[in-house]
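Counted the way the numbering used here counts, the sequence shown spans residues 40 to 246.
Quick list of the computed label-pair ranges, beta carbon to beta carbon:
1. Asp221 - Ala71: 40 to 48 angstroms
2. Ile49 - Thr212: 35 to 43 angstroms
3. Asn238 - Lys87: 43 to 51 angstroms
4. Arg218 - Gln95: 54 to 62 angstroms
5. Pro119 - Asp161: 24 to 32 angstroms
6. Pro175 - Ala220: 22 to 30 angstroms
No more than 20 angstroms apart at the CA atoms, straight line, and that leaves these computed lysine to any residue pairs for SDA-like:
7. Lys87 - Ala108
8. Lys87 - Ala71
9. Lys87 - Arg75
10. Lys87 - Leu77
11. Lys87 - Arg76
12. Lys87 - Val97
13. Lys87 - Thr102
14. Lys87 - Thr50
15. Lys87 - Leu99
16. Lys87 - Glu101
17. Lys87 - Glu72
18. Lys87 - Thr52
19. Lys87 - Pro107
20. Lys87 - Ala62
21. Lys87 - Ala47
22. Lys87 - Leu53
23. Lys87 - Arg110
24. Lys87 - Gly67
25. Lys87 - Tyr106
26. Lys87 - Thr100
27. Lys87 - Arg105
28. Lys87 - Thr69
29. Lys87 - Asn112
Derived from the structure by calculation, the hints contain no laboratory data.
Virtual Cβ for every residue (Gly too), placed ideally from N, Cα, C.
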Amino acid sequence: MDPSFPLATITPTLDAGVLQVLAATTSGCTAAEVHRRLGHGSDEGVRKVLARLVRQGVVLTETPARYPAYRLNRDHLAVPHIEALTRIRDEIVANIRTEVASWDVGPTHAGLFGSFARGEADSDSDIDVLLVRMDPPGELDEDAWLEQLDRLDRRIRAWTGNAAQIVDLTPTTLGLMAREADPLVASWRAEGVHVHGENLRDLLRRL
Numbered sequence: 040m041d042p043s044f045p046l047a048t049i050t051p052t053l054d055a056g057v058l059q060v061l062a063a064t065t066s067g068c069t070a071a072e073v074h075r076r077l078g079h080g081s082d083e084g085v086r087k088v089l090a091r092l093v094r095q096g097v098v099l100t101e102t103p104a105r106y107p108a109y110r111l112n113r114d115h116l117a118v119p120h121i122e123a124l125t126r127i128r129d130e131i132v133a134n135i136r137t138e139v140a141s142w143d144v145g146p147t148h149a150g151l152f153g154s155f156a157r158g159e160a161d162s163d164s165d166i167d168v169l170l171v172r173m174d175p176p177g178e179l180d181e182d183a184w185l186e187q188l189d190r191l192d193r194r195i196r197a198w199t200g201n202a203a204q205i206v207d208l209t210p211t212t213l214g215l216m217a218r219e220a221d222p223l224v225a226s227w228r229a230e231g232v233h234v235h236g237e238n239l240r241d242l243l244r245r246l
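Whole structure, please, built from the sequences with the hints as guidance.
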């Protein structure tokens, strides 16, 4: 699945992107604005999609100024389903949060990073997960922990069709990486989406 344009799951055409742009705003957009926010496709292609969606009643058109403005018709019965798909990234995060919270052997920290966290993932992207083991690590049931990671990997793939890339660290290793100014730590701190456990910034301060 393309988490940045989840509507492409059901309509792998320019329509998905146009609908995603319109679903993200309650104000009208001109065709040129839709094209600019979309960032791909041709101007003519966007105009043809808008015209088709207007005919279907999913999009309304107004002419408040020189150029027509388009907005999603939120009274249309199809639109709640369209909007639900545009929010699927939040649902992925919620599912991962619920899964990790149910573990018998919980992590000190769980978060998401990489292209998914930045909102730039596509259908070829992994869902990158950072897991920091419990502290002290001597209390960890290794077999149970690895079984949980394997289950999370399978569930992420089942939910999204994307592979999970799980980074599994001990607190000691994370602290060493931070002291050595590993660029990965800087990226986790800057772009990470918190999922469970201690906030990463707080954890890094005490390691």
